[in-house]
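Number of protein chains: 2
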Amino acid sequence: MSTVTAFETVDVRFETSAMLDGSDAMNPDPDYSAAYLRLTTDAADGHEGHAFVFTIGRGNDIQVAAIDTVARRMIGRDVEDTLDDLGGLWRELVHDSQLRWLGPEKGVMHMAIGAVVNALWDLKAKRAGLPLWQLLARMTPEELVSLVDFRYLSDALTPEEALALLRTAQPGRAQREAELLATGYPGYTTTPGWLGYSDDKLRRLAREAVDDGFTQIKLKVGDRLEDDLRRLAIARDEVGPGIRIAIDANQRWDRDQAIEWIRALQPFDLAWVEEPTSPDDILAHAAIARAVAPVPIATGEHGMNRVLFKQLLQAGATAIVQIDATRVAGVNENIAILLLAAKFGVPVCPHAGGVGLCEAVQHFSMFDFVALSGSQEGRMIEYTTHLHEHFVAPVRLERGRYLAPLTPGNGMEMRAESLRDHRMTAW
Amino acid sequence: MSTVTAFETVDVRFETSAMLDGSDAMNPDPDYSAAYLRLTTDAADGHEGHAFVFTIGRGNDIQVAAIDTVARRMIGRDVEDTLDDLGGLWRELVHDSQLRWLGPEKGVMHMAIGAVVNALWDLKAKRAGLPLWQLLARMTPEELVSLVDFRYLSDALTPEEALALLRTAQPGRAQREAELLATGYPGYTTTPGWLGYSDDKLRRLAREAVDDGFTQIKLKVGDRLEDDLRRLAIARDEVGPGIRIAIDANQRWDRDQAIEWIRALQPFDLAWVEEPTSPDDILAHAAIARAVAPVPIATGEHGMNRVLFKQLLQAGATAIVQIDATRVAGVNENIAILLLAAKFGVPVCPHAGGVGLCEAVQHFSMFDFVALSGSQEGRMIEYTTHLHEHFVAPVRLERGRYLAPLTPGNGMEMRAESLRDHRMTAW
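Chains as they are written, first to last, in this note's numbering: chain A, 1 to 427; chain B, 1 to 427.
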């Protein structure tokens, strides 16, 4: 028997804005940051639970304070009991009525709950000696369903339907796990496409992406139409017709403007159009999707909770579900979203980049492949080159494919030196 | 010329859970709280700007910290310039890309921006010597439209349409202002209906509400159907057929459960059914509204931003728009929501209660009556009896009607003794 004895939070910031890395039409100067959490126990194994919420600078201190509030409640808890019922823990935290008022189920407080939930999953995976994707992919369908809160989902997905989806995928698990370990999972790269990059840099990085084996790149758009036309022409010219090009407007447009703009860019053969408008606007996404069909619309990286994803799917508002590792309330809620996507037959292509989002989110796609959708078709994980060196187990890519991580845990643990060197002490 | 020189935030808490005041199916033990802000300037007039975010206890400290982050940015600003362009200030704060990442436009950070915006409106109203409703109702249509950010709204409401709505109401302003000052604005009371109250207390308070002149009461429901049937029978028996009874499920149900439950309660002649399910679930609200028509569905007190309200109206998901004074980003966003409601011809019946929400939200209904919808038909402001004594200018009701406040400001200023006595110093 062991107990959660302490936690530490760290306000980690990187001055990425100086390089225009990560610049897009809505986020001109992000300073990639992490509101970081480390949970410790008195168990002899010495394992810790690590997790973070990704932010882009100002306000990271508020996110840290919110994590403090939730993490404090873990102190003194029995580790085994807690890790044996992470579905119960999720419900306890998300349905705490006083904390819930601050969302409900969205924004700073919801992401703080996510950090604590994710740190506990990290601890659970390390104790099991497995990377998170493998831990999840080896749980029974019943155990997986018990992790999910079906409140507000039952009109689209019942526990029985979720169980059936997972059971259907059960026979092929071992074979797909072997396949994943052998050949990895497709990635695509956003590295060439940041809005602040020059045309020359775009061209060079697009070429390098193809040389590196990527079959899809993504460009940021939405600031000036003439720039988008020019940059898409450069990119298409450089990569040729065989490489997929997605674009990302980062919420820049209103509904009708999105339709007009996308129609203007459609000749470049778009793999998808990401975040055309407000991430909250289900009806506008659905209207845009209908108007520009067959161009696929993608969204989700700012999707606040499972209720939003449910509606996006019900309304046919998104052809690609882009989960994020730290936007919702942790592993459990992302499993709920994966189940919803599977129910509607919509592929999941996670959002990544930032600080450690690649390291974290890959686990969900790999779990999905082994134990749920059973497919890599039309699916890939976003990749950018930044900041991997700060993680204990950086992602490994080979010819544009993510190799399955083998290090136990959820992938979110940062190196002690990085935590020390990038700790913000005053703001 | 004067400058914003300082601010103070206070974590104010009341132990309301001990009395079961405010208890409902989702919030069994709220401790009504306020994350409170006071802005000061070096102007000779000595006026201050006060505002707060209402919460129900735990996490109020996080809300305070978020307000600190935003309020700090006001220090050193020119007061006149700032108050002359509160539309510009709103855009600056809400579109700060780094802070926006923490929502976007929802939850703790969005409400913090709301507190700062509201404190500036309080200051502006005090300097004008007018209560907020009157300050707003005397602004020109052009000035009012300039306060609103139409991003993500243009598919439902353009600036030109907003201007036309306000201009149409302009001729009758003076007459309606006189009418409001003479006879006030309808209220309804939730005091009898808290879920934790005994049947006897419900019966007694329902009787008192009618004796006090209220023409509508509201009951909390959604915990156990048999309790709801019994309590509605008691209430209907006590008040008779001439008094409207609304019910409030506080987000307790899933879609199909809501439909079934509402049908069971329909015989009691329901004025409206409030928050049947997740406040984020536009599609479920629309489906419920269609299924139980003509029973009106109401929602909005947890509506996170104007994009949500737009969709609720577009989808026919709500027959009554229930704005809240501190859930969105302040006065400007509530004006946007009032304009949307006017465009769709849907009445606004604000959420109130808690700490000071009655004092704050009445200004929006009164502004709407004088300068926008021009009507009190089907409209009323929620009222509960708690905690008014802590405010410098408590609401005044007469025969179930809110009298127009005459004290300059936004109504949110608490008494200095209350701030001192209910300040939380450790948690």
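Derived by calculation from the structure, the hints in this document are not laboratory data.
One should not assume that every hint holds.
Each pair may be met inside one copy or between any two copies, as identical chains are not told apart.
[Stated by the list, open to error] The calculated lysine to aspartate or glutamate pairs, modelled on EDC-like cross-linking and capped at a C-alpha distance of 20 Å, are:
hint: 1; residue 1: Lys201; residue 2: Glu179
hint: 2; residue 1: Lys343; residue 2: Glu398
hint: 3; residue 1: Lys343; residue 2: Asp149
hint: 4; residue 1: Lys201; residue 2: Asp29
hint: 5; residue 1: Lys343; residue 2: Glu389
hint: 6; residue 1: Lys201; residue 2: Glu226
hint: 7; residue 1: Lys201; residue 2: Glu8
hint: 8; residue 1: Lys343; residue 2: Asp212
hint: 9; residue 1: Lys343; residue 2: Glu143
hint: 10; residue 1: Lys343; residue 2: Asp31
hint: 11; residue 1: Lys343; residue 2: Glu208
hint: 12; residue 1: Lys343; residue 2: Asp254
hint: 13; residue 1: Lys201; residue 2: Glu177
hint: 14; residue 1: Lys201; residue 2: Asp21
hint: 15; residue 1: Lys343; residue 2: Asp227
hint: 16; residue 1: Lys343; residue 2: Asp81
hint: 17; residue 1: Lys343; residue 2: Glu226
hint: 18; residue 1: Lys343; residue 2: Asp42
hint: 19; residue 1: Lys343; residue 2: Asp200
hint: 20; residue 1: Lys201; residue 2: Glu142
hint: 21; residue 1: Lys201; residue 2: Asp81
Computed from a predicted structure; not experimentally measured.
Going through the hints against the structure:
no. : hint               : in the structure
1   : Lys201 with Glu179 : neither (36 Å within a copy, 66 Å between copies)
2   : Lys343 with Glu398 : neither (31 Å within a copy, 55 Å between copies)
3   : Lys343 with Asp149 : within (16 Å within a copy, 37 Å between copies)
4   : Lys201 with Asp29  : within (18 Å within a copy, 58 Å between copies)
5   : Lys343 with Glu389 : neither (37 Å within a copy, 53 Å between copies)
6   : Lys201 with Glu226 : within (18 Å within a copy, 68 Å between copies)
7   : Lys201 with Glu8   : neither (40 Å within a copy, 48 Å between copies)
8   : Lys343 with Asp212 : neither (34 Å within a copy, 53 Å between copies)
9   : Lys343 with Glu143 : within (18 Å within a copy, 49 Å between copies)
10  : Lys343 with Asp31  : neither (37 Å within a copy, 40 Å between copies)
11  : Lys343 with Glu208 : neither (37 Å within a copy, 52 Å between copies)
12  : Lys343 with Asp254 : between (29 Å within a copy, 18 Å between copies)
13  : Lys201 with Glu177 : neither (38 Å within a copy, 62 Å between copies)
14  : Lys201 with Asp21  : within (12 Å within a copy, 62 Å between copies)
15  : Lys343 with Asp227 : neither (39 Å within a copy, 36 Å between copies)
16  : Lys343 with Asp81  : neither (31 Å within a copy, 54 Å between copies)
17  : Lys343 with Glu226 : neither (40 Å within a copy, 35 Å between copies)
18  : Lys343 with Asp42  : neither (41 Å within a copy, 61 Å between copies)
19  : Lys343 with Asp200 : neither (43 Å within a copy, 48 Å between copies)
20  : Lys201 with Glu142 : neither (50 Å within a copy, 45 Å between copies)
21  : Lys201 with Asp81  : neither (53 Å within a copy, 42 Å between copies)
Taken one by one, the earlier hints fail for this structure at numbers 1, 2, 5, 7, 8, 10, 11, 13, 15, 16, 17, 18, 19, 20 and 21, listed in ascending order.
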